[in-house]
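Residue numbers (our numbering), protein chains in the order written: chain A, 1 to 151; chain B, 1001 to 1406; chain C, 2001 to 2155.
One should not assume that every hint holds.
Derived pair list, reagent style BS3-like, types lysine-lysine, alpha-carbon separation capped at 25 Å [stated by the list, open to error]: (1) C:Lys2151 <-> C:Lys2123; (2) C:Lys2086 <-> A:Lys135; (3) C:Lys2079 <-> A:Lys147; (4) B:Lys1326 <-> A:Lys150; (5) A:Lys67 <-> A:Lys9; (6) B:Lys1203 <-> B:Lys1255; (7) A:Lys9 <-> A:Lys42; (8) A:Lys122 <-> B:Lys1326.
For each label pair, taking beta carbons as the anchor points, the in silico distance ranges come out as [unchecked claim]: (9) A:Thr17 <-> B:Lys1232: 52 to 58 Å; (10) B:Lys1232 <-> A:Lys4: 52 to 58 Å; (11) C:Val2146 <-> A:Leu62: 54 to 60 Å; (12) A:Leu62 <-> B:Ala1237: 30 to 36 Å.
Since the hints were made in silico from the structure, they are not lab data. Don't be surprised by glycine CBs; every beta carbon is placed ideally from N, CA and C.
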Amino acid sequence: MSYKDVLNKLVGEGLLTPSGEVKPHRLIYVFESGKIRELFTKLIDLAGVEGFYVSTIVGTDLMKDGKIRLDYYVVFLPQEETIVFRTFLPRENPEIDSLLDIIPGVLSGECETYDLLGVVFKGNPALKRGFFVPKDVYEKGIYPLRKDAKV
Amino acid sequence: MAITKIIEIPYSLEIPVGPQHPALHEPLLLKVYADGEEVVKVEVYTGYNHRGIEKLAERNSFYRDIFIVGRVCGICNTVHANCYVRALEQILGIEPNNRAKYLRVLAMELERIHSHMLINAVMAEIIGFESLFMNIMLDRERIMKAKEILTGNRVLADYMMVGGVRRDINDEKKNKLLKLLNKTEERVKYYKQVFMEDDTILKRLVDVGIITKTDVLKYSLIGPPARASGVKIDARASDKYDAYDEVPFNVVVKKEGDSWARMILRWDEALESINMCKYILENLPSDGNPVPDEKRLPRRFPPGEAFTRVEAPRGELTYYVMSDGKPMPYRVKIRTPSFNNIINTANVYLGHSIADVPVILVSWDPCISCMERITVLDLTTGERKRMHLKELARGGRKWVSPRYSI
Amino acid sequence: MEKQEQVEKNRKVVEKNRDYRIIRYTPWLVHFNTGACNGCDIEVLAALTPLYDPERFGVKLAPSIRHGDILVVTGAVTKKAAERLKILYEQMPEPKFVIAVGACACSGGVFHKSYSVLAGADKVVPVDIYIPGCPPRPEAILDGIVKLLKKLEEE
């Protein structure tokens, strides 16, 4: 199925809600953080394993709203169209299921987001502090990318 | 299977990391567990190159960040600056004129040629072909000279600015560039022929490190490793940014998926880039000054977010910039291509012999500059030996010449 | 008579070039990247290619750290790499010298305010020669090495 049909089907089932775009012309779909595995399993079923790849995982600390925003940038083939899947996590205890067993390519993005922002991906055995951050920063328990980190 | 050897290979890796460190060229540590000569397990350890660039980018103004971001990677600095500047232009809603777009593409394509020649030279050195390494480096100097004529510096160009480029070219420079490109084209064709016909190279590279099309997409591999396995992805053809909708080019795709296909693909891309550069130089539009007026650029940026992609020599490079109305960005996220290509491929080495590990490593195009020593720990005898990466690639034999004695 | 003139001329040329002929001391370089952008590294690599011809000074890349005479440091020294730099410096046999190549190794460059970087190589090892530039040209790198060697000859 072409990516437009896939996305319309998922919107119809209530998994996704369209909400604006990131310039230039990358459509944003918001989903609930608890349903991430269901969403990606359905994407693989409908679009096929060779129908898309996960390009980037971006985590942003929205301190004023008390949330951490997680974006999954997915590129659909063969048109190479980039779609944003966005979700919000509570800032105090950000946890989300890991996608490592269904899409192994998220390993680098998840390890990085854990080390720098503190988002725990449940089920990912490779998460560890000190993946990138030097010792004297992670020993104090600081996540450098948070807005209130004193580095 | 009994593990008899553990080999730690530190190599320099371009890891674009988000928040703090964009494009770190990290000496990355690969722990390779070997049974006799066969690799059974590989672990990836990182962290040596984290420079905290993303946090640094949040503390400087948007315009200063153009220089910081250019120093994420020295080999592909023009594509980093270009991607960031285009994200800023999307937020501001301005567009450069056609001449500036063509000049930007010229700088980026020159960089693609020199980067591909560099990694092929390193591959030749790793398998022992030192004279080929020296020859390719000598011919690469012509492209560095061309970059210097166009942008003013050999390596770090600092050529992009919001709204255009920093310098213009005149007819004299154009003729010099065309002469350099013509000479380089003959040499690149010769080197491609060497890589296709030479026995040593064929024996070491063919059927080593094969990846299938499904694996490429599952592991999010991008750039030449993906295109060499039959996946047609190229950010230039899909996003058509800057002048890529007007400059004609082909996306090179191969089917074999082994290290040899990856290196030949890079030579093909270099030839395509040379044709593109010649087309640009002959058809440069003259619709105004490509250098914008700096005083008219705004200091505060409107709130918004932008996500741009660019085709770096190593793959797809993405930038995410978010602004909330202040003169400094709220979030800058850089994801460099080597991040995906190197961390996610720890399982391709399994089943190969130890001497193939450096060959596969170099075929992903990691950053070359830090091919350090590796430590071989022989578990049966308990001795630790330090070897150069080149020696591992040649089978770990001790050479008679005093250059390689330890 | 003509032969005498020729000998005089040759001697003058030899005298003029004596600065560049370092007979007794042929240094072997060891290169270490402590978290650089690789710009300085490819210029160091380019300085070892035939166009710039470092072998006329006897300069070569050493095969292992135990053979090295001069340590070439590039990159803003990150905290993790600083420990390895110290270990590497201690493994080199005497006499040893350190050259800091590039703005990042001299004083941190653009990264001097980052939390993960110790700005400058001289916070970890004693540096003899600083070569500024971002990145410095290969000719500048060779010029720095020759200056170090001339300084050593005078001592």
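Now the hints, each set against the structure:
1. A distance of roughly 23 Å separates the Cα atoms of Lys2151 of chain C and Lys2123 of chain C; the hinted pair therefore holds under the 25 Å criterion.
2. Restraint check for Lys2086 of chain C and Lys135 of chain A: the C-alpha separation of about 17 Å stays at or below 25 Å, so the hint holds.
3. Distance check on the hinted pair: Lys2079 of chain C and Lys147 of chain A sit about 22 Å apart at the alpha-carbon level, within 25 Å; holds.
4. As the CA atoms of Lys1326 of chain B and Lys150 of chain A are separated by approximately 21 Å, the hinted pair is consistent with the 25 Å bound.
5. With a CA separation close to 29 Å, the supplied pair Lys67 of chain A and Lys9 of chain A exceeds the 25 Å bound.
6. The suggested pairing of Lys1203 of chain B with Lys1255 of chain B holds, with an alpha-carbon distance near 19 Å, which does not exceed 25 Å.
7. Proposed proximity of Lys9 of chain A and Lys42 of chain A is supported: the alpha carbons are some 10 Å apart, at most 25 Å.
8. With a CA separation close to 36 Å, the supplied pair Lys122 of chain A and Lys1326 of chain B exceeds the 25 Å bound.
9. Distance hint check: the CB atoms of Thr17 of chain A and Lys1232 of chain B are about 32 Å apart, inconsistent with the given range 52 to 58 Å.
10. A beta carbon spacing of about 20 Å between Lys1232 of chain B and Lys4 of chain A contradicts the range 52 to 58 Å that was offered as a hint.
11. The given range of 54 to 60 Å is respected by Val2146 of chain C and Leu62 of chain A, whose C-beta atoms sit roughly 55 Å from each other.
12. Between Leu62 of chain A and Ala1237 of chain B, the C-beta spacing of about 35 Å keeps the proposed range 30 to 36 Å intact.
Violated hints, listed in ascending order, are 5, 8, 9 and 10; each of the other numbered hints is respected by the structure.
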